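Trainee: Spelled out, the chains give:
2 protein chains.
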Amino acid sequence: MSEQSVDNVATESQPQSIGIVTPQSQHFDQPLVLASGRVLSEYDVVYETYGELNADKSNAILICHALSGHHHAAGFHQGDKKPGWWDHYIGPGKPIDSQRFFIVSMNNLGGCHGSTGPTSINPETGKAWQSDFPHMRCRDWVNSQRNLMKLLGIDQWAAVIGGSLGGMQAMRWALEYPDELRHCIVIASATKLTAQNIAFNEVARQAISSDPDFHDGFYIDHNVIPKRGLRLARMVGHITYLSEDGMGQKFGRELKAGSFMLGSDDDVEFQVESYLRYQGDMFSEVFDANTYILMTKALDYFDLAREYGDDAIAAFSHAKCSFFVVSFTSDWRFSTQRSREIVDALVAANKPVSYAEIEADFGHDAFLIPNKRYENVFHAYMQRVAEGCQ
Amino acid sequence: MSEQSVDNVATESQPQSIGIVTPQSQHFDQPLVLASGRVLSEYDVVYETYGELNADKSNAILICHALSGHHHAAGFHQGDKKPGWWDHYIGPGKPIDSQRFFIVSMNNLGGCHGSTGPTSINPETGKAWQSDFPHMRCRDWVNSQRNLMKLLGIDQWAAVIGGSLGGMQAMRWALEYPDELRHCIVIASATKLTAQNIAFNEVARQAISSDPDFHDGFYIDHNVIPKRGLRLARMVGHITYLSEDGMGQKFGRELKAGSFMLGSDDDVEFQVESYLRYQGDMFSEVFDANTYILMTKALDYFDLAREYGDDAIAAFSHAKCSFFVVSFTSDWRFSTQRSREIVDALVAANKPVSYAEIEADFGHDAFLIPNKRYENVFHAYMQRVAEGCQ
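As you go down the protein sequences, you meet chains A and B in turn. Residue 0 is where the first sequence starts when you use numbering that gives the first Met the number 0, and the numbers rise one by one after that. Residue 0 is where the second sequence starts when you use numbering that gives the first Met the number 0, and the numbers rise one by one after that.
Don't read these hints as lab results, they were simulated from the structure. Take the hints with a grain of salt, since some may be wrong.
For identical chains, the list gives no copy identity; a pair is met inside one copy or between any two copies.
[Claimed, not checked] List time: in silico DSS-like cross-link candidates among lysine-lysine, alpha-carbon distance up to 27 Å:
id	residue 1	residue 2
1	K226	K296
2	K191	K249
3	K249	K296
4	K296	K126
5	K149	K56
Everything numeric in this text was worked out from a predicted model, so none of it was measured.
With the rest of the complex left out, here is chain A (with noise of 0.2 Å):
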């Protein structure tokens, strides 16, 4: 869902880098028909390579991102200083392996970060979108990266991967184009959001759509972004995003003034407040506040087994490929409940499919964190996959 933490912990030594890797632009001409009935009559996507295509094109790698993440999975952009969001398992020798795949990265429509989103220009009109751009569904991201897909000549993913969010456009693929992929990845993820889930996104919708600075959406022609309503929805989404006890490891109580005065508090600050204050801050700088409510939009309505009455099963029977489901312990916003109950019903679908439960902290956001089991997981599984590129 973000790769905020990434910064978290003590990164061990990455001797293995993709280096330094260039995002590449993709228009597309041809009219995209969305869930909603809405057409997108021309768009870019930005996007991502990493390794080569072999010969037969087998070994090709679609990675989906989060709510807050992009097509900058792994590498260094020139003059950057930090790899992008997932370079602990990208790259060269590591689980989803460079040397051996061709990895796809693709920002997904309706982002903030050179695909086609609210920030773009309407063909239409020659403004900017904003909150005029179409609602997405995951089956429309899903459909937007198949062009990419053939365009690039390939016809069979060996594997889609994604965390979250992206696990949910990775099942999506399972049941929507089931030949064309092999092994579907599905990492903290769930088929379908809790109400509580839902009620932590609609607290973040309501802090944009309440800045006054907001103007329903149309804060481009105003000059202006509602940076107090986007901080204080990454301050709650950060919070969620970790477990209780990673946040005590990190913070504690510790207060930010050296000394604890009882009485004056008017300057001194737990840390933990100083750093949700400045996450939000930075956060709110460089993220589109229309795409972050798009984006919990996309999650909240994603429901994977809506079409098939409600039942995981059926939904899942439609499937064809292997499925690898992975949760972490401490992450209360897509529980291990939320995985179990899509390893379930893959079993009960019949479906081959691999579960790990990983004991780790830090929440939701292990995902995106190192951790010995998760690594070692991931690496076995991905040698399967790689087994069956010719």
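Following the hints, complete the assembly by docking chain B onto the known chain A.
Mentor: Just chain B now, kept in the frame of chain A:
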């Protein structure tokens, strides 16, 4: 922490009610020296009493309220359809039996329900205090509660009882005035907040203080109220006081509109969203933003053992009363683990303590909600309290 969810479940028929109650007000013109070093030169407190003080004044009970609570704990105000926030547990034949006990419930200083607080007039300026109102700590509330106690002619409470922030006051009573209470009843509380709890409070405060109508807390001077911020603060609170399962049971993923039309989500909403918006709107009409900030700060800074070398055992060694500690399995803001820490420290300090961990949905709000086992153990313990009243 809140009385928000009293209406969450079908309330059982309650034939025995205290009936109509009338709040009382008391002016104090003796200065109150606060933990911050500041002084309230004079102040008013509003309170209610239920039942009769017995001849030797041994049957008095103090109820301490939580974040958004107030003095109106039980019975009905003239014309009200809903009773006080803890009516299920206070009244004739109820655990805190008004036929046996003389029950005192006071609005805390800094509140917004009648006791002196940010909306009151500062006698030195002739204007509302607003954010100039002094910060409050639990010990300040204990001291002002004690002044009322003396005025009522009570030398020793049979019990001091509180949930959440109220439980913190009850524990503070046990350490500050060990000879002046026989029982301390601590429900869904903690010796200090976790980093996650502080973080949620910080988001609430930031929501309020970043509302353009906040004006550094001097919104009364500007004839506005920071409604948007207070609404968001309440929404965050509301989610976190409920449990994930409780929300799931109450709302599931039901849509507000009758039918779901994929992609036409402009007008449809999940039930949980409209419920949260409604709750937030209601709260923002009636609660004072400066009080909300003041109460959350008191929560954050409470640390029972700080002045005892961070040793809860050393802290509790000063107590002379018996303790009854209650926690609820689905409460994740004041988890059972926090209550077990209290119990463990009390046992290590060789203090008499009874502990009940109650299986309950509805998270932190469970302490306000009908629950058979909770009622039974509460009844049983209060029987013991009553036996100590001559």
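Trainee: Quick check: which numbered hints come out false for this structure?
Mentor: Violated hints: none at all, because every hint is consistent with the structure.
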